[in-house]
Structures are given as structure tokens and as C-alpha cells.
Amino acid sequence: MQPFSRRNLLRGAGTVALGLPFLEGLAPKKAKAAPGDGKGRLLILFECNGVDTARFWPNQAGGTLQSSSLTGTAMESLAPFADRLLVPRGVYATPRFTDGTPGDGHMQGIAHKLTAEPIGGSGFANGVSVDQVVASQFNEGGKPALSLRSGPESSGVAAYISYAEAGVPSVGELNPWLAYQDIVGLGGLDELQLERLVARRESVLDLVGGEFDSLMANSKLSQHDRSKLDMHASAIRDLELDMIDGGLVPCEFDASTADSFEQLHQSGLLGYDSYFHFQTEAHVRLMALAVACGATNASTLLLGSGAFGPTYQFDGMNHQYNHHKLSHGNTQDDDTGSTVAGFEDMIHDIDRWTMRQYTLLLELLDGYTEADGTLLDNSMVVYVNELSNGFFHTDSDLPFIVAGSSGGMLKQGEYMEVSPSGEPLTKFWTSILNAAGVTAEDGGPVTQFGNMTYGQPGQLDNLFAT
Amino acid sequence: MVALTPGCYGGLAEEDLADDGVGDGEDGGGDGEVSNPDSLCMEGPKPGVLPRAVRVTHSQYDAMVIDLLGLDTTPSDAFLADVAVGGFSNNAQALGVTDRLARDYRRSAELIAENLADNPDKLAALLSCDPSSIDTACAEEFIRSFGRRAYRRPLTNDELEAFGNVFFSADGLYETGAPFEQGVRLVIEAVLQSPHVLYRIELSSELSPDSEDLVPLTGYEIATRLSFLLWDSTPSDALLDAAEAGELDDAEGVQAWARAMLDDERATRPVLAFHEQWLELDGLDDIQKDQDLFPGFHSGMSVAFREETERFIERVALEMDGTYADLMTSNVSYANSDLAVVYGLSGDFTGELVEVELDSSERAGLLTQAGFLASHAFSNATSPIQRGVFVQRKLLCAAIPDPPGDVDTTLPPPDNSAVTTRERVTAHTSAPACSGCHDSINAPGFALEGYDAVGRVRSTDNGEPVDAASTVIIGSDMVDVDGAVELAHAIAQSEVGQRCYLVNWFRYANMRTENPDDQCTINGLHELMVEADYDIKELMVAMTQTATFRYRSPLEVQ
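The listed protein sequences derive, respectively, from chains R and P.
For the first sequence, the residue numbers in our numbering are 8 to 473.
For the second sequence, the residue numbers in our numbering are 48 to 605.
I should point out that these hints are in silico values taken from the structure, not numbers from a laboratory.
Here a beta-carbon is modelled for each residue, glycine too, at the ideal position from N, C-alpha and C.
Fair warning: there could be bad hints in the mix.
Said to hold, decoys possible - Stretch by stretch, here's where chain R covers chain P in the computed footprint (C-beta under 8 angstroms, at least three residues):
no., segment
1, 168 to 182
2, 217 to 227
3, 230 to 243
4, 408 to 420
5, 540 to 547
6, 565 to 573
Stated by the list, open to error - Chain R regions said to be covered by chain P (calculated; three or more residues, Cβ under 8 angstroms):
no., segment
7, 218 to 231
8, 263 to 273
9, 373 to 379
10, 432 to 439
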């Protein structure tokens with residue numbers, strides 16, 4: 008392993024504390040295959056339990072996406088961004104097999120969506136997720152992607168979408184204030200407090216890091232033990248890197264936004280359905296800041312979890328039953344209850360609400376300007392749902408929306424069928440990874456992603472700008 | 048150890064699934080079939096292969112914070128959750144520090160140290176001098192004694208020096224506190240992030256002179272295994288003293304300490320942790336029932352259900368010196384006003400649980416407790432299949448696979464030919480493709496049909512009399528039972544049931560799934576336990592007496 012470095016720690020802290028101008032030398036080195044090959048930024052908003060498919064999609068034939076065709080659909084709030092969207096139809100997934108793959112329909116679908124792998128023997132998805140692939144190539148030091156989730160604490164596979172590797176989920180942080188503090192490193196402290204905290208952490212890291220070094224040098228340890236300790240030690244090194252700053256803006260909110268985050272934390276109500284919208288909006292703001300300030304180039308936000316809530320009783324909704332129950336139009340999660348009258352309208356209202364969160368994310372990203380466009384232009388922001396039709400647990404014609412073109416890589420303002428008979432998820436993600444500028448081991452473009460038993464190699468050429 | 052149910056189609060049981068994909072899958076597999084187990088005993092028992100660095104579980108972390116610092120908090124509530132393997136979350140190979148857990152540990156260490164600084168009494172309890180002193184010798188004494196308890200061995204000179212440097216560099220690094228207090232605080236932050244604390248590390252590697260299959264552990268390593276098994280936490284000073292004095296160097300010494308440790312209230316922790324995980328008691332949280340059918344049922348009852356079962360386990364295992372059969376059949380339990388309704392008890396009850404004696408013709412042990420019955424049922428109906436799968440998988444260790452993905456598991460509605468739940472389940476699962484497994488699943492579920500979806504005794508189902516007589520497959524035996532009480536007794540007395548309980552303890556105690564080499568040890572334990580009537584405390588003591596507990600294997604996890 009690499010020795011623990013004090014330098015990173017102090018350098019990073021100084022940037023925050025003293026408000027030094029952006030340090031060129033610390034900027035992440037973009038490992039691009041060639042200039043213009045994508046911007047290496049991927050944000051994913053992930054919803055569970057499917058959508059009201061009848062009112063989700065634009066009201067028009069394929070072709071140039073007209074903002075007017077979004078009126079009356081779930082995507083209505085996206086109208087101002089119509090010319091920045093790519094809406095592909097016909098992507099399908101095959102997570103549920105009859106060959107003994109573990110997990111119920113929700114578990115399999117959720118574990119599969121960002122990995123294109125089934126659940127493996129570990130009980131978790133059998134491969135890395137797209138956000139972590141992007142993070143490993145484009146984040147400073149290969150630092151993991153930021154994983155956020157709205158909802159209550161849950162340790163089930165149906166609550167994990169992001170995977171560092173096969174069987175190793177990256178569990179979403181629920182508390183935006185704590186996640187914010189991790190990102191700003193040492194926000195909210197005055198200069199002297201900051202110096203002290205840095206000195207304390209440095210002192211602890213010197214001692215603990217030395218212990219890891221000497222343990223791993225012990226020849227009695229097996230490779231298993233060594234790699235386990237190395238994983239821990241690497242995570243500690245990531246903590247050092249957390250303090251590095253170097254994006255478009257400092258990793259700090261204005262005081263009133265930071266206060267609102269802290270109040271959310273102090274409320275003790277995070278995880279309750281009645282705070283789900285506050286939690287989600289804070290996560291969305293954090294995601295945008297984290298990418299803008301260079302803390303990460305990849306991030307996911309999972310809303311709720313599969314086969315579960317929340318119950319939407321805010322922002323004009325007053326539902327009696329949780330999201331999963333409504334998706335099945337039933338008063339019970341196990342479908343043993345009675346039909347909920349008008350459940351399609353309630354699902355549609357949820358879809359509209361989710362799209363407003365997605366819209367907010369786009370607005371925030373569009374507010375940051377780089378030399379060659381806005382941060383939105385130079386990112387891909389993908390909306391993903393576990394299912395298309397939640398009532399039937401349909402995995403075909405999945406709802407995907409891609410906003411931003413990764414610096415012109417993808418078509419924009421386009422509503423399209425990917426092919427008459429549909430295309431597998433594996434090819435969709437291969438396309439997104441190539442648009443991001445991810446390279447395969449040989450330095451060339453990515454040729455396949457996920458499990459080829461249930462998908463196909465290759466990308467969807469028609470998503471790319473010509 | 049796992050009995051393959053006759054006729055059940057080939058597939059993976061949860062143990063198999065859990066076993067694959069962990070580490071490098073080189074632990075021998077959980078359910079090896081042994082054609083001639085006795086032959087494996089010829090060369091003497093072989094300890095199973097364990098990693099040399101095993102991360103403490105979250106419950107152990109919390110217990111360490113209590114035992115080391117006197118702070119009664121549960122910091123792990125905010126941690127990335129542990130992953131369960133084979134039903135237990137203490138699997139030595141699966142425990143790692145991934146994702147944000149290192150950050151969780153740092154956050155926790157800083158908060159705990161701050162918390163301690165705000166608690167002068169707790170702080171003073173760690174020190175042999177006044178925290179306002181500037182006594183160098185006292186600082187060294189603190190580092191030496193606190194470090195020994197946290198590291199579960201004396202610190203080396205290099206370690207003492209490193210912590211001394213940390214201690215004396217702390218002055219001025221906090222906004223408040225005397226210099227000595229700041230030193231203590233920073234040392235605690237470092238200790239709680241040390242790999243020697245967050246992992247149980249075993250470095251012994253010398254072969255025993257008596258056997259090339261055995262690597263003796265140091266006294267400190269034994270003390271650590273003992274305390275984590277019997278207290279789910281770090282050793283006490285007295286136990287470390289015993290290790291230092293060589294009292295743990297032979298089986299008798301270990302046994303004497305194990306018995307003493309089981310009399311300590313800390314023994315409640317592993318007894319509850321084991322049974323909670325084996326019996327999947329998390330499933331008792333958040334039980335919901337149909338309000339039209341069960342108008343009195345409210346969500347708070349889940350809490351009482353779980354508390355009842357936990358108190359019952361604690362009472363049987365630790366206070367009554369009870370046996371496995373007592374767990375399965377005792378009619379002692381706990382009830383509050385809600386549970387009294389479920390159990391049909393008269394008398395004055397409040398919201399508080401009190402000990403009660405249930406009608407022994409209606410209730411016998413865990414299987415007839417409201418929590419199990421209600422959590423293994425639908426919101427509006429019983430589920431003989433959920434209950435039956437639990438009995439076969441958890442209580443009898445049978446390899447029952449999940450249904451194939453393309454099977455419609457929804458029962459058809461009642462009709463003239465199938466009125467009761469039992470009749471509907473029978474009709475729905477009688478096709479040859481289903482019956483292979485359902486012959487073993489349905490029968491114990493049917494024996495439990497005398498209890499409704501919230502656990503009340505019932506005599507009719509959909510207007511027809513309940514038929515709770517069935518022939519239950521227990522291992523390779525067919526046993527006729529009429530109702531839950533007979534079922535519970537049949538399981539309690541069966542070797543398959545006893546061995547299943549034993550094997551689950553074996554997995555928990557040794558932090559791994561069993562492999563073919565363990566057959567000899569497990570057989571020996573079973574014989575011992577039959578003599579001891581499967582007394583639960585005796586079983587825990589017996590776990591500390593095996594070669595696999597007292598030694599390492601010369602092989603390493605690859």
C-alpha cells in the first residue's frame with residue numbers, strides 16, 4: 008500500500024479554510040482516451056416500484072422532442088429542458104430467471120439495474136455498478152462514487168443500487184447533513200478550530216496508518232487478510248482525500264442552505280415519510296454541489312426502496328398507502344388487501360413529484376458554468392426506474408431519461424425508439440459508459456458491460472450525436 | 048449436517064447460497080456430504096480455517112464501548128449494516144470495512160471521545176489520577192491499562208511510545224479541557240480506530256508438538272475468543288490477568304472461566320444475539336394485519352411480541368438453566384394487555400410484560416408464541432407454507448430451496464372443493480413438480496393451523512373445522528402429530544432438531560459455516576449434549592472445549 012500522506016491532508020484543509028483560489032495542480036486528471044470523448048460525469052436518480060406508464064411518456068411520435076408534448080405527462084416539469092433530453096424507448100432488462108437466481112422480483116430488479124448482473128451467491132448483485140465504474144476512472148484517486156438514499160434505514164438488497172464490486176454494495180447515506188460534512192470535510196469551522204481538527208486527525212491517522220502498515224507487512228497474514236486490511240486502509244486514505252478541494256466552486260453551501268441541512272439533522276425525523284421530501288431535496292442539492300465542487304464525478308440517489316414506501320403525504324399528495332401498495336393498486340404489500348380506487352392517479356402524482364426532483368437537479372447543474380457550457384451540458388443525468396409497470400412488475404420498455412450530453416457525445420432533444428424489438432440494458436449502459444469517456448483495460452472503448460448470459464455486448468450507436 | 052429432504056428437488060438451500068461468493072469460497076462449503084464421518088475422526092479433530100484478522104461485529108463494537116468506557120450508547124445504529132451469511136452476521140470471512148464504514152468509525156470515535164470528555168465521572172473511572180493533573184506516570188499508566196483492555200493484550204514498547212506521542216501532542220488541539228484530559232481524549236480517538244481494536248487479530252503460528260493439525264493460541268487470544276463468544280465483547284481485566292497467568296492454557300482452565308463468565312450479565316448479549324439471528328426475530332418488527340379482520344391489532348403489538356420472545360429466551364437459557372427442549376416446549380411466557388388478548392388470558396394486565404404460565408395443551412415454546420405465528424402469516428390469513436418452511440429450514444436444517452422464479456405462489460381463492468387454507472394449499476401444491484418439497488413444507492405448517500394470523504387459538508377456518516393432524520418429515524423419519532403442541536415436542540425430542548440447534552450454535556460460535564472436517568467435532572458435541580439433556584449453558588461451555596475453538600488451523604484462508 009502507499010504510505011499515509013500528511014501532505015494531502017494539510018493541503019486540502021488549507022484550501023477550505025483559507026479560501027485559496029482553485030489549485031490547478033489538484034484538479035482530477037481526466038483519463039480520457041482522446042479529447043472530446045466524454046466528460047466523465049454521471050448522476051443517477053433512481054426510483055422504485057415502476058410508473059404510471061399511460062401518462063409517463065411524451066405525447067408525440069419519435070423525433071425531435073417538443074416541450075409541448077410533455078404537457079399533461081409525468082415529465083411536464085421538464086419542459087424547459089426538452090432540448091437537453093434524450094428519451095429512449097425500448098430498453099429492457101432480464102433480471103428474473105428461472106434458473107435459481109436468488110431474490111424476489113424487487114430484489115433482483117434493483118440489484119440488476121445499475122450492474123446488469125443477477126444477484127449472486129453473496130445475496131448481492133454480482134458485479135460493479137456503472138456509477139462506480141465512472142468514479143474509479145474519473146475521481147481523484149479512484150475514490151468511490153457518492154451514494155445517497157432517501158427513506159428509512161434499511162439493510163436489505165432491495166435498498167442497494169450501487170456496487171463497488173460483486174457482492175459489495177455501496178450503501179446510500181441517508182443523512183444529507185452528515186454526507187455534506189463528509190464532502191466539505193471541515194465545513195462550518197473557524198480557522199483555528201479547523202487547524203486543531205486537522206492536527207488531531209493527522210495524529211490519529213499517523214498512528215493508525217502505521218499500525219495498518221506493519222500488520223500488512225506481517226508475513227503470517229494470508230492474502231485474504233491482507234486484502235481485507237488493505238481495503239480498510241484504502242478507505243482511510245480516501246478520508247484524507249475527502250479533504251481535497253478542486254472544482255468549479257468551493258465545496259460549501261451558503262449559510263442558510265447549510266443551516267437547513269443541519270436543522271434536518273437536528274430534527275431527528277430523517278427517515279420518516281413526513282420528511283421524505285425534505286430529505287430528497289437536500290440530497291439533490293448535495294449531489295449537484297458535490298459534482299460542481301469536484302468532490303465526486305459520479306453519484307446516485309435512490310428514492311425509497313423496492314417493495315416499500317414511502318407514503319406520500321406532502322407536496323399536495325395525501326395518500327393512505329405506501330408507494331409499493333399503490334403500484335399494485337392494493338391496500339396490502341402482499342396483495343391480500345382490497346383494491347385502492349384511483350391508484351393510477353396517485354402513481355401518476357408520485358411520478359410528477361419525482362420528475363420535479365429530477366428537474367431541480369437539472370436546474371442546479373445548469374446553474375454552474377464551465378468554459379465549454381454548463382455543468383449539465385458536460386454531465387449525464389440519468390433517471391432510472393426499477394420497473395416500467397409496477398402493477399405487473401414489467402421489465403421491458405423501462406423508463407429512462409438522459410439529460411445532458413456529456414459534452415456533446417449524446418443526442419439531445421430526441422425522443423426515440425432504440426430499435427423495433429427493444430435492446431438490452433447491457434447495451435444501454437455500455438453506451439452511457441462510452442459517452443462518459445470510460446475506457447476498457449486496453450485503452451479502447453468499452454465493448455460490453457454486465458452479464459452477457461442475459462444481455463448482449465456492444466453499444467446503442469443511435470444514442471450518440473453524429 | 049443438513050438433512051436433504053427426501054424428494055425435494057435439487058437446488059440451493061440458503062446456507063449454500065450464503066456460503067458461495069464469500070471470500071474466495073475456499074472454506075470447504077457449508078453442507079458437505081460426508082459418507083463416513085467416523086473416518087474423519089481417526090486423525091483427531093481439525094480446527095476450521097479462520098482469517099487472522101476478524102472485524103468485530105457492530106453489536107460487539109457497541110458492547111466494547113460500554114465495557115471499555117462505561118458509555119451506554121449504540122453508535123453502530125449509524126453504521127453501514129453488517130451482512131448476514133448463513134443467517135449469522137458474525138461470519139469471519141464476510142466482515143470487512145467497505146464503503147463508508149471507515150468514516151463511520153472515525154465519526155463514532157470522535158463523538159465517543161467528546162462524549163467522554165463531557166462525562167467527568169466516566170472519565171475519572173478510567174484514570175488512576177485526577178484528570179487535571181500533569182502527571183506523566185499517570186498518563187503512561189492510563190495508556191498501559193486502557194490499551195491492554197482495548198488491544199486485549201499488553202501494548203508493545205513501540206505502541207506505548209506511539210500512544211505517548213499522541214497523548215502529549217494533544218495539548219491545545221481541543222477547544223476545551225485540561226491538557227491531561229485532552230491527551231486522554233485523543234488517545235481514545237486513536238484506539239477506537241486502531242486495527243488491533245476493530246479486528247480480532249491472531250498471529251500464533253507454531254504447530255503444536257502433539258499434532259500437525261493444531262496451532263495453539265496464546266492465552267490472550269483464547270481470552271479474546273472466550274469473551275467475544277460468551278460476552279459478545281472485549282475481555283475484562285480479570286480475564287486478561289488469567290490469560291497472563293496461564294489459566295487459559297488448558298481445557299479445564301478455559302471451562303472454569305467459561306462457567307464463571309456465563310454467570311455474568313454480559314452473557315445475555317450472545318444468548319440473545321444468537322437466538323435473534325437463528326430465529327430471524329427481526330421479522331417480528333413491523334408486523335401489519337388487516338384492520339377489518341383483526342380490528343384490535345395495532346403496530347405496537349410487534350414490539351411486545353418481540354420482547355416476549357426475547358425475555359422467554361433469556362429466562363429459559365440463563366435463569367432457568369433450561370434446555371433446548373424447554374425452548375421448544377415450555378409454557379412459561381410473558382404477556383401484557385395486548386398479548387393477554389392473543390393468549391386468551393384473564394386478569395389485570397397493563398402495557399408492561401409480566402411472566403405468565405400458558406395453557407400447556409395450547410402452547411408449547413417458541414412455535415406457539417404470538418410473534419412467530421403472526422410474523423409467519425399474511426396480513427389477513429395464515430400461511431402454512433411460511434410456517435412450514437421456517438420449521439424445516441431453521442429448526443430442522445433441511446435444504447429447502449426457494450420456489451422457481453416462474454411459479455405463481457398466490458393461492459387460488461376458496462371454492463367448493465377447497466374451503467380451508469389447508470385444502471387450498473394442498474390443492475395448489477399437489478402437482479409433482481411442487482410436492483417434492485411441499486410434502487415436507489406443508490405438514491408442519493398444517494400442524495400450526497390451529498392458530499390464526501395473529502396467533503390466537505382457533506378451531507375453525509372459513510367455517511370449517513381446523514384439521515391440524517399431519518405426518519411431519521423430521522430428517523428421514525415420518526412422525527404423526529396432531530397440532531402444534533405435539534409438533535413442538537416431536538421436534539424437541541428429535542435428534543435432527545437437537546443437531547440443528549447445535550449446528551447453528553457451532554456456526555455462531557466459530558464465526559463460519561461448518562465443513563466436512565467438523566463432522567467429528569459436531570458428533571462429539573452432540574453426544575456430550577445428549578448426556579447433558581441439551582442444557583443451553585452447557586452447550587455454550589462445550590463450544591469452548593473443542594479443538595476448533597482452542598486452536599487455529601495451520602491452513603490460512605486463501
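Going down the list of hints, with the structure as the test:
1. 168 to 182: violated (count 0)
2. 217 to 227: holds (count 5)
3. 230 to 243: Per the Cβ count (7), the hint holds.
4. 408 to 420: violated (count 0)
5. 540 to 547: Since three or more residues must qualify, the claim that chain R covers the segment 540 to 547 of chain P is violated, with 0 doing so at under 8 angstroms.
6. 565 to 573: violated (count 0)
7. 218 to 231: Coverage by chain P holds here, the residue count being 9 at a Cβ distance below 8 angstroms.
8. 263 to 273: With 0 residues close enough to chain P, the hint is violated.
9. 373 to 379: violated (count 0)
10. 432 to 439: Per the Cβ count (0), the hint is violated.
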